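These are the residues of each chain, in order.
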Amino acid sequence: KNEVEQSPQNLTAQEGEFITINCSYSVGISALHWLQQHPGGGIVSLFMLSSGKKKHGRLIATINIQEKHSSLHITASHPRDSAVYICAVHSGGGADGLTFGKGTHLIIQP
Amino acid sequence: DSGVTQTPKHLITATGQRVTLRCSPRSGDLSVYWYQQSLDQGLQFLIQYYNGEERAKGNILERFSAQQFPDLHSELNLSSLELGDSALYFCASTLAGAVDTQYFGPGTRLTVL
Chain A
1 KNEVEQSPQN LTAQEGEFIT INCSYSVGIS ALHWLQQHPG GGIVSLFMLS
51 SGKKKHGRLI ATINIQEKHS SLHITASHPR DSAVYICAVH SGGGADGLTF
101 GKGTHLIIQP
Chain B
1 DSGVTQTPKH LITATGQRVT LRCSPRSGDL SVYWYQQSLD QGLQFLIQYY
51 NGEERAKGNI LERFSAQQFP DLHSELNLSS LELGDSALYF CASTLAGAVD
101 TQYFGPGTRL TVL
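For the protein sequence lines, the chains are A and B, in the order given. Just so we're aligned: 56 in the working numbering is position 56 of the first sequence, and the numbers increase by one with no gaps anywhere. Just so we're aligned: 56 in the working numbering is position 56 of the second sequence, and the numbers increase by one with no gaps anywhere.
Read the hints as simulated data drawn from the structure, not as lab findings.
Pair by pair, the computed Cβ-Cβ distance ranges are:
#1 B/S65 <-> A/E67: 36 to 42 Å
#2 B/S38 <-> A/N10: 18 to 24 Å
#3 A/V27 <-> B/E62: 26 to 32 Å
#4 B/D71 <-> A/H56: 31 to 37 Å
#5 B/T7 <-> A/H69: 35 to 41 Å
#6 B/E62 <-> A/K54: 35 to 41 Å
#7 A/P79 <-> B/H73: 33 to 39 Å
#8 B/S38 <-> A/P8: 18 to 24 Å
Covered by chain B, according to a simulated footprint, are these stretches of chain A (three or more residues, beta-carbon under 8 Å):
#9 35 to 43
#10 78 to 90
Predicted model only: the values in this text are computed from it and were never measured. All residues carry an ideal CB built from backbone N, CA and C; glycine is no exception.
Go ahead and model the full structure; you've got the sequences and the hints to work with.
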């Protein structure tokens, strides 16, 4: 079974700070997803990665397949970035669903 | 708006009862996933359907079942409900498989009293 570990569990930062959230997984994967869940509960897919790096606006996601590690960065953080960020992996085995990390609860203070 | 719809938004019921949650995927998406999010377990994969057929099973209890209909909407049936089944239930759709972006519905919050 693929275990997904995220760090930190909780993060409070000031507006404008550079944010990094880390995700490590234990076995080979075919894709890694970064998801955002707002206080209202809805989940939005931010990125899907199988290699390298992706950028969308102020968000950057990287993955190192050899080290089984991914990072999500937020530049120039803003209070509206406050949410839970969840890393999830697809192992590509018989079960075709995602395995989720426990999430990082991010608060950006003005 | 992801294009995925779920009904109902909220459901309150009693132990021992049976409920049905409904999900309509994005137009053109063939694959539907069901996930459960509880406070103690976090998000867990329950089951996946692709074009009407069951494709993969995760941590789905025997009391739970699902199906995908010819119009590609899916229903998750939960029976003999227990207090511990109280959770948010999400469905997500993708074009084909999990190695595609997953589009999540708004979720159904189930409360079992």
